[in-house]
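Quick note, the sequences are listed as chains U and C, same order. In terms of this note's numbering, the first sequence is residues 1067 to 1491. In terms of this note's numbering, the second sequence is residues 290 to 540.
There may be inaccurate statements among the hints.
To be verified - DEER-style ranges, computed between Cβ atoms:
#1 Leu-349(C) to Lys-1173(U): 35 to 43 Å
#2 Gln-1096(U) to Lys-536(C): 34 to 42 Å
#3 Gln-395(C) to Leu-1287(U): 34 to 42 Å
As the list claims (entries may be wrong) - Only pairs whose alpha carbons sit at most 25 Å apart, straight line, appear in this in silico SDA-like list of lysine to any residue:
#4 Lys-1258(U) to Gln-1125(U)
#5 Lys-1173(U) to Asn-1226(U)
#6 Lys-1103(U) to Lys-1270(U)
#7 Lys-1454(U) to Asn-404(C)
#8 Lys-400(C) to Glu-1491(U)
#9 Lys-1270(U) to Glu-1385(U)
#10 Lys-1241(U) to Gly-1341(U)
#11 Lys-1490(U) to Ser-321(C)
#12 Lys-400(C) to Gln-1477(U)
#13 Lys-406(C) to Ile-1174(U)
#14 Lys-536(C) to Gly-1341(U)
#15 Lys-1419(U) to Ile-1447(U)
#16 Lys-1454(U) to Val-402(C)
#17 Lys-1214(U) to Lys-1270(U)
As the list claims (entries may be wrong) - Examples of chain C residues lying across from chain U (beta carbon under 7 Å, computed):
#18 Ser-360
#19 Ile-362
#20 Arg-397
#21 Asp-405
#22 Ile-455
#23 Lys-460
#24 Arg-464
If you're looking for bench data, these hints aren't it; they were derived computationally from the structure. C-beta: ideal position from N, C-alpha, C; glycine also.
Chain residues, written in single-letter form:
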Amino acid sequence: MSDYREMWAGLGLDVKMHEALLAGLGAGYQQIFLSQKNRPEAMQYFDFVMSEVHGLRIQELLDAKAEGRIVVGSFCVFVPEELILAVDGISVGLCTGADFGVDLAEKILPRNTCALIKSAFGFNLSKVCPYMASSDIIVGENTCDGKKKSYEEFGKLVDNLYVMDLPQTKSMEGKALLRAEYKRLMKALEEKSGKKITMESLKKAIEIVNNKRKAVHRLALLRAADPSPLSGLDGLLINQIFFYDNPLRFTDSVNKLCDELEERIAKKAGVFPQGTPRLLVSGCPMAVPNWKLPSIIETSGAVIVGEESCVGERGTRNETCTCGESIEDLLENIVERYFNIDCAIFTPNPDRKNHIVEMAKKYKADGVVHYALQFCQPYDIESHNVEKELESEGIPVLNLVTDYSGEDVGQLSTRIEAFIERIKE
Amino acid sequence: MINVGLDIGSRTIKLVVVKDHEMIHQEVVKNSFDNEQITANLLSGIPFDHLTATGYGRHLFDDMPNCSIISEIKAFALGVHNIFPHCHTILDIGGQDTKAISLDDQGRMNKFVMNDKCAAGTGRFLEIMANALNYSLSDFGKAAFLAEKAEKINNMCTVFAESEVISLLSKGADRDRVAKGIHESIVLRAVSQLQKVGLNDDIVFVGGVAYNPAVKKILAEQCGRPIFSPANPQIVGALGCVKYAEKQMRN
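If we strip away everything but chain U, and leave its shape as in the complex, we get (with noise of 0.2 Å):
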């Protein structure tokens, strides 16, 4: 590794701060990743990214600034990233996965907000994030209420902040509003880069997204084969290195990864033995580094087939046409498929739990664990009726609400022990 310290102090980061954030995340990913047996060859190159996460992808954000071009950051996966790629910037997912400056976070916001939402201003109080240091423009969304009250409190600490509202219902007027506001976005993003969207460049940043999520969903069905070719880690990891990556390089790599599940799944070979008890994750979504859940379910006997997530198959789900005439006609594509996402602001949200089945079905999952982060209402108020509708149709479910402390990892433990030892009864 290169020594990267002088770019980050000229981020504005705290350096020493910041090594012992990569020294902690450099020790999980080592005891979570690389201790895992049977990782198929191809996951090297996910390996480098994550080694570069802070690094050599940092020092590409910089160069391509300064070569012009912007970088965004956002935290859902309501923000196309079509839209970003029309005017040639970069998308970038931010940092919100760890319990870091959590003190600093609490000095803002009520205890009882959620992990994510206290991560973000933990990574950016606390000055460890380059990505929100390079971004131009940090694109908030009015999803739950905590994100959409806790953006009054964040624009305060950057002079980047662009928020965009969201619908919450399923309705024409709901789909009229993402319109408008795609469109707000469009032309933020147009000003701010001072490129102007065309067919062209927007067709063409639809193809990239498209086939990017053509290579997560080929990823996907090789996991319904038994014994699984990939771990679910490595799975939620490929889920999670979609936001931060150059897309084609990225879209690459998976097809190589698949190219090889496929010749594992010919010999019958897997990460687990054929009959290894297999589980869908669904719920709130999973960033970088939150590894807790999956790691406690692969080292308790299970594998996990399927991310019901936005870092997962909630996010990539659906392609966006690329069928029009006119930059309006591809627009109304980003908006008819973003506005499919069954995210659990919107209500009623019924597409979801069908999703949920379908998957769990696609993928021969043999149980649920529904994850919901502590203080999520949205993911949390649903389990209840997720959890009761599946096992009406005889899908176990599991439901776990946690955070992304330690201090749960036996109680969790012993609850997914016993939920596997349910599943093979």
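Fit chain C to the given chain U structure using the hints.
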């Protein structure tokens, strides 16, 4: 064939030894900082063929020869079903866990809930409250059992509840009524967990706290139906371990 079940809990370690389907030995000892030594002492001189461990310390036996590991939830489901074949709902209150488990007609676990972030309303809570009222643990349960009325305890946090108790006493509240109030508060918490898994007969109450007559009586009142407990409610998890091993050997 000697089968050993070991339940390494947060406050006590429970051992059951079964020889050819007959229980030949059972033992409950307090645990300490060195559970490895305690279990070694417990097991010394027992020529077991197979050992199954459960509880907080179950992973001490990971990858050991002739050993299996099961969760407490599974252990209690198997142990209770063995004693009460008609049981559909289990409440286990141990040292730092409260679990509610629902079973189907064959005794397989359906749904379960347990406390996670906090150990309020568990055995340890009762121990601390008994201490605050200057009772021995067994006198504490008896006093609450005999008290006619209860002082309401509002705090579920062990530390705050202790100061609430002291403040009630300093205001002249009756010690036995305070004792009853404490027992009521932990039962209400347990009932809300039971309701999450569904209250279906028979309801069986196990774990060390099932020795407490007041908890059992208030629980029956709150649920409005009889509550069953085995003669030794503490060893049910260890017994379930043995049942697990017997089942595995049959298959």
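Outcome of the hint check:
1. Leu-349(C) to Lys-1173(U): 35 to 43 Å: holds, 42 Å
2. Gln-1096(U) to Lys-536(C): 34 to 42 Å: holds, 39 Å
3. Gln-395(C) to Leu-1287(U): 34 to 42 Å: holds, 36 Å
4. Lys-1258(U) to Gln-1125(U): OK: Lys-1258(U) and Gln-1125(U) at ~21 Å, within 25 Å.
5. Lys-1173(U) to Asn-1226(U): Answer holds: Lys-1173(U) to Asn-1226(U) is near 22 Å, not above 25 Å.
6. Lys-1103(U) to Lys-1270(U): At roughly 39 Å apart (the allowed maximum being 25 Å), Lys-1270(U) and Lys-1103(U) break the hint.
7. Lys-1454(U) to Asn-404(C): holds, 21 Å
8. Lys-400(C) to Glu-1491(U): Holds, at roughly 13 Å.
9. Lys-1270(U) to Glu-1385(U): Since the Cα atoms of Lys-1270(U) and Glu-1385(U) sit roughly 13 Å apart, the hinted pair holds (cutoff 25 Å).
10. Lys-1241(U) to Gly-1341(U): violated, 44 Å
11. Lys-1490(U) to Ser-321(C): violated, 34 Å
12. Lys-400(C) to Gln-1477(U): holds, 16 Å
13. Lys-406(C) to Ile-1174(U): holds, 24 Å
14. Lys-536(C) to Gly-1341(U): holds, 20 Å
15. Lys-1419(U) to Ile-1447(U): It holds: about 13 Å lies between the C-alpha atoms, which stays within 25 Å.
16. Lys-1454(U) to Val-402(C): holds, 15 Å
17. Lys-1214(U) to Lys-1270(U): violated, 32 Å
18. Ser-360: holds, 4 Å
19. Ile-362: holds, 4 Å
20. Arg-397: holds, 5 Å
21. Asp-405: holds, 4 Å
22. Ile-455: Since the shortest Cβ distance to chain U is 27 Å, the answer is violated.
23. Lys-460: violated, 31 Å
24. Arg-464: Status violated, d = 34 Å.
The structure shown violates the earlier hints numbered 6, 10, 11, 17, 22, 23, 24.
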